[in-house]
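Participant: These protein sequence lines are chains E and Y, in that order. Counting from 1 along the first sequence, just add 5 to a position and that's the residue number in the working numbering. Counting from 1 along the second sequence, just add 25 to a position and that's the residue number in the working numbering.
Bear in mind the hints are in silico, worked out from the structure with no lab data behind them. Misleading hints may appear alongside valid ones.
[Unchecked claim] 20 angstroms max Cα-Cα, derived SDA-like pairs, lysine to any residue:
#1 Y:135 to Y:86
#2 Y:26 to E:47
#3 Y:135 to E:46
#4 E:62 to E:16
#5 Y:132 to E:46
#6 Y:132 to E:109
#7 E:75 to E:47
#8 Y:132 to E:115
#9 E:16 to E:100
#10 E:16 to Y:65
#11 Y:82 to Y:97
#12 Y:132 to E:64
#13 Y:26 to E:74
#14 E:62 to Y:27
#15 Y:96 to Y:52
[To be verified] A partial selection of chain Y residues facing chain E, derived with a Cβ cut-off under 7 angstroms:
#16 67
#17 68
#18 71
#19 130
#20 131
#21 135
#22 140
No residue lacks a Cβ here, since even glycine has one placed at the ideal position from N, Cα and C.
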Amino acid sequence: DAGITQSPRYKITETGRQVTLMCHQTWSHSYMFWYRQDLGHGLRLIYYSAAADITDKGEVSDGYVVSRSKTENFPLTLESATRSQTSVYFCASSESRSLSYEQYFGPGTRLTVT
Amino acid sequence: KNQVEQSPQSLIILEGKNCTLQCNYTVSPFSNLRWYKQDTGRGPVSLTIMTFSENTKSNGRYTATLDADTKQSSLHITASQLSDSASYICVVSSNYGGSQGNLIFGKGTKLSVKP
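Use the sequences and the hints to build the structure in full.
Facilitator: Rendered as structure tokens:
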């Protein structure tokens with residue numbers, strides 16, 4: 006049971022390039038989330054998705070795009086990477102919209118924008 | 026403004042000792058409070074989740090308490106082990122709007138357990 010995986014685990018890219026971070030979960034969870042984690046901040050929500058083809062913005066969505074054509078995949082795209090997007094990105098999933106349900110996090114992708 | 030404050034920022038203890046981490050929040054309306062453990066280079070893993078009516082919950086050597094009146098929570102670790110070295114994150118959820126998007130994360134407490 007692979008659970009929730011992210012790829013790549015590490016990525017270095019240049020300012021202005023497009024980069025896509027992948028997230029895949031094997032639980033058929035309805036909800037999926039993207040967070041970023043930076044020093045001096047708690048995790049911050051970028052985007053979330055309630056189901057295939059349903060996505061919504063989080064707290065820090067500017068500069069990011071998501072899609073969800075299949076329940077198990079939730080890619081995050083930086084359309085034109087900036088240095089301020091250097092961060093560790095975590096994908097998470099949850100089986101229900103109820104706030105009593107757990108969110109399960111992937112291992113993270115460390116992105117450096119030079 | 027909804028906020029979650031954790032203290033201390035970092036803590037060093039000797040193996041076998043106990044410790045307590047603090048979390049204060051100003052989230053309203055409150056739904057539940059979670060504690061996560063995050064090992065270096067890994068994603069957060071849930072330790073406990075408590076609703077308004079629960080004031081204590083244990084998971085092995087981890088015991089979380091919640092005082093909804095004072096909006097404080099603590100995570101007590103008993104007989105610490107080297108593997109407890111990690112960041113511990115307090116997360117408060119608000120059911121405002123009924124959305125799964127309303128999780129407010131603390132910045133975490135970095136715990137180092139030394140032999």
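Participant: Need the status of pair residue 75 (chain E), residue 47 (chain E): alpha-carbon distance at most 20 angstroms?
Facilitator: 29 angstroms, violated
Participant: Residue 132 (chain Y) and residue 46 (chain E): Cα distance at most 20 angstroms?
Facilitator: 5 angstroms, holds
Participant: Take the C-alpha atoms of residue 26 (chain Y) and residue 47 (chain E), compute the straight-line distance between them, and say whether it is at most 20 angstroms.
Facilitator: Given pair residue 26 (chain Y), residue 47 (chain E) holds - Cα atoms ~15 angstroms apart, limit 20 angstroms.
Participant: For the pair supplied as a hint, residue 132 (chain Y) and residue 64 (chain E), is the alpha-carbon distance within the 20 angstroms limit?
Facilitator: Measuring from Cα to Cα gives roughly 16 angstroms; hence the hint holds.
Participant: Under 7 angstroms is the threshold here; is the Cβ of residue 67 (chain Y) close enough to any Cβ of chain E for the hint to stand?
Facilitator: 6 angstroms, holds
Participant: For the pair supplied as a hint, residue 96 (chain Y) and residue 52 (chain Y), is the alpha-carbon distance within the 20 angstroms limit?
Facilitator: Status holds; Cα separation ~8 angstroms.
Participant: So if I understand the rule, the pair passes when the alpha-carbon distance is 20 angstroms or less; does residue 26 (chain Y) with residue 74 (chain E) pass?
Facilitator: 35 angstroms, violated
Participant: Measure nothing beyond the straight line between the CA atoms of residue 16 (chain E) and residue 100 (chain E); if it is 20 angstroms or shorter, mark the hint as holding.
Facilitator: 29 angstroms, violated
Participant: Answer holds if the nearest beta-carbon of chain E is closer than 7 angstroms to that of residue 135 (chain Y); otherwise answer violated.
Facilitator: Check failed: Cβ of residue 135 (chain Y) comes no nearer than 11 angstroms to chain E, outside 7 angstroms.
Participant: Is residue 132 (chain Y) within 20 angstroms of residue 115 (chain E), Cα to Cα?
Facilitator: Holds, because 18 angstroms separates the two Cα atoms, which is no more than 20 angstroms.
Participant: Hint check: residue 132 (chain Y) vs residue 109 (chain E), CA-CA at most 20 angstroms. Holds or violated?
Facilitator: Distance ~18 angstroms between residue 132 (chain Y) and residue 109 (chain E) Cα, so the pair holds.
Participant: Can you confirm whether the C-alpha distance between residue 62 (chain E) and residue 16 (chain E) stays at or below 20 angstroms?
Facilitator: This hinted pair is violated, its Cα atoms lying about 24 angstroms apart.
Comparing the model with each earlier hint shows violations of hints 4, 7, 9, 13, 21 and 22; every other hint is respected.
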